[in-house]
Amino acid sequence: MIFNSPALSYSLLAPILIILAGALIGVLIEAFVGKARRPVVQLSVALGSLVLALVQVIRIRNLSSTTAAMGSVVIDGPGLLFQCAILIVAVISIFLIADQDNFTSSAAALPGSDEERQATQSGTVLTEIYPLTLFAVAGMLLFPIASDLITLFVALEVLSLPLYLMAGLSRHRRLASQEAALKYFLLGAFSSAFFLFGAAYLYGYAGTVSFAGIHAALVGGTGNDVILLLGIAFVAIGLLFKVGAVPFHAWSPDVYQGAPTPITGFMAAATKVAAFGAMLRLFYTVLAEAQWQWRPFFMVIAIITMIFGSLVAISQRDVKRMLAYSSIAHAGFLLTGVIALNKAGLEASIYYLFAYGVATVGAFGIVTLVRDSSGEVSDLNRWAGLGKRSPWVASAFAFFLLAFAGIPLTSGFIGKFAIFSAAYESGATAVVIVGVLSSVIAAFFYIRVIVLMFFTDATEDGTSVVIPSILTRLTILISLVITVALGVFPSPLLDFIKPLAIFIR
Amino acid sequence: MTALLPLIGAILLATLPKGAELRAKQLAFGATLVTAASAIAMAVQFQRDNTDLQFVEVRSWIPSFGINYAVGIDGIALVLILMSVILAPIVILAGWNEAQGGRWSVKTFYILILVLETMMIGVFSATDVFLFYVIFEAMLVPVYFLIGGYGTGERSAAAVKFLLYSLFGGLLMLASIIALYVMSGDQGGHTFDLAKLANLEMSSTTQNFLFLGFFIAFAIKAPLWPFHTWLPDAAQSATPGTSVLLLGVLDKVGTFGMIRYCLTLFPEASKTFTPVIIVLAVISIIYGAILAIGQKDLKRLIAFTSISHFGFITMGIFAMTSQSQSGATLYMFNHGFSTAALFIVGGWMIARRGSSTIADFGGLQRVTPVMAWCFFLAGMSSLALPGLSSFVSEFLVLVGTYTRYPVAAIIATVGIILAALYILIPVQRALHGPTTPGNENLADLNLREKFAIAPVLAAIIALGFYPAPLLNVINPAAVHVNSQLGFTDPVPTVEGK
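Note that the protein sequences, when read in sequence, are chains F and G. Numbering of the first sequence is given in this note's numbering, commencing with residue 1 and proceeding in unit increments. Numbering of the second sequence is given in this note's numbering, commencing with residue 1001 and proceeding in unit increments.
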């Protein structure tokens, strides 16, 4: 028996490796660097590795359309675009995460215990968050380029596990935060099990876990269709859980509300890019020939998700919960891109994911600023009159909301237009009409917040906006600039996406 | 040339933020004056017998979707642009102090007004459907803040109602636009060019659905019965200046859109739906008039008269004769001015009295004769008294409609009689009769106010006697629209000069 040494193509995997190295260095820093200097060092390492990885992704863009790591990873245009989007979103979020006020000082201490109080008084800050973020990013980078089911599952777990932890690190309302983390963990584990179950069925169908192999079996049409159908359904459930599509969304409002706000922003934006990236690859390349099996199912899911997300968001009284339901509605809009199953749909989805991710981080950045003496205020009623006290912050938030609502001259509009026209082109007229109508419903609750901020008089209990730190300001500013720029001059990005948006198997 | 105008507004706007309150007002007023002058200069260069689009400018905007920044105007667009740019400085001058009661600074008010003006010019001149849609929707944002931030009473509720109605219509239109875009891709390349989209081949069912998407959006904007319910609230809550821009200019985007987009893009569907639309228009005329009679609030009254007037305009457009369409376009222009006059003078009366209930006025003729006369004249223009500008347009619409839909025209004529009621009753209550207690010391118009209202009233009277300059510009365009539709007028055209 001859063993060949595995050919890994390190340069193609370099972005992931850089992030993992950064994460490991971060762990070492926790052990060896003094408390006082830790935050700065950790931030520099994290930022450095993210930027390096981004540079590497851009460098290898011409080497794309190839496989690496013995075919378990595929490097192609869409994969690199997803990686780019994830890294950019991560860079923006890392500034937000650097604002340590949001995290508990001692995650191991019981909420309300003396230990916790001491840790807070001594000024301890939680720097473990940086390596955790980097681990999550590494998983996210691997997720959309994975090209067999095992790699896909590993990536899923690598990105999820740090997020479960990070969700529980909030400084304020720690019990709610821990509850959120536990809920996320349990439901996430459940959905991973579904995913694995489906993967096993697909293996049973095709006799292989590689995407190319499954595709070949599908085209050959020799396998058992029932097993295929079960496999697709369970894998889809695992992925739909991650993007928060109805009826697999139940975790997201609680987790969004309980998690520290910077983490919520990062999670909402980056996880969505990664999960939709993987979903698009799986359904566009591997399962495209089985579209009669899954497309109707996805149409129904998309329709319920859009309507449910928009309708339930109306009744929310908490800004983070409202954004959670809004992200559910957006997951529905993005699913129309999966349904489209054409090149325009892929391009539109990539654009939409990037635009939405950036705006989401910006919006959550603003949520971190609105506080009272006991911490962040996410109760919408207490946002009343914000426009009077802090016109700039309120205007920026209003702008992000208008972008979510898809008002022209924001990035959200171009994204919505592109994704709906792709879906219409593929003949999914009903989905497009529901999408348009639920956009109206969605507009209603975004506007409600604008009314509250600008047209309602403030209540007495002093909610105020803290002066943002330089880093938070940077996050919001970058997001704002990108959102405006993509709304008014979307051409450069669209032209950049166009030639790259071709999946290879 | 056309692109220059939005640019002027935008540049001046950028320099605005530094000024103090008075400086902001002066700058805004100056900016609108310059814009108006430039538009008039453009109108002078306009070749009125040329039915092609003029001042065409095309720049690539989003090439991957085939979207261009493409503008160009015909006679109809020219007239509406003129109306917008002339009304803007008048509104600023007339409502010199109306931004004071707002939630935000005076400066913001004028920034919003100038942004809005830029968009108004853009929306009338766009020849790229995507560009049109973008402006059509983006316009809602400044108006929303103008109503919600500077209005009175239930202003935020009214602003939200306005925004949601408009967004709903807009998104229906977006669905239609997406369908057009996809079809253009199947038939020779993705484009949003109006002329190319007009030549698309589609089944009549598709055309009917897409037509409805556009038409409902425009009918909400116009507003046509039964899509009108947002208008009275919005008009009641907005400041008089905002109301002028809202009813005078923004709502015209709806009727303009019917001509430019519904008729051009979907000629067959337009013909199919014409009977229904004519019925809706006639209902609007009568319904608006009857409800106007019953109003106790001056601003709501003007809003309902407008619904009646928009019924006339819509009827004129869909009667599909060049006469009725010329009349409808002229009507849009005239309605802009007569509504402006009513809202401006009405706004002064309300500001002085501190109430907008008609019953609170009384005897103003004795106390403030100049203001009372101005209001009287504005009212007469609204009821289309012969010799005033609205008469010409109303007459053209009715005559043009009669040649094709005699019954509709006859019923609509009842609207004129009702108009006499809804104008004369409030005129009698507010201006004549005994002076209501509390009204004795109201001040008459000052010099600024006289300067503001004079051009409006002058235009109303001048165009009543001599509408030819406008009609000469409008008529070729209207004939052109009709010939594209394959319509010839049933009877020999009577030139409306």
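Everything labelled a hint here was simulated from the structure, so no lab data went into it. Any given hint could turn out to be false.
As the list claims (entries may be wrong) - Here are the computed lysine-lysine pairs in the BS3-like style, where the Cα-Cα straight-line distance is at most 25 angstroms:
1) G:Lys1296 with G:Lys1161
2) F:Lys343 with F:Lys498
3) G:Lys1196 with G:Lys1271
4) G:Lys1107 with F:Lys388
5) F:Lys388 with G:Lys1271
If you're wondering where the values come from, they're calculated on a predicted model, not measured in any experiment.
Subject >> Enumerated hints in conflict with the structure, sorted upward >> reply: Structure breaks hint 5 only.
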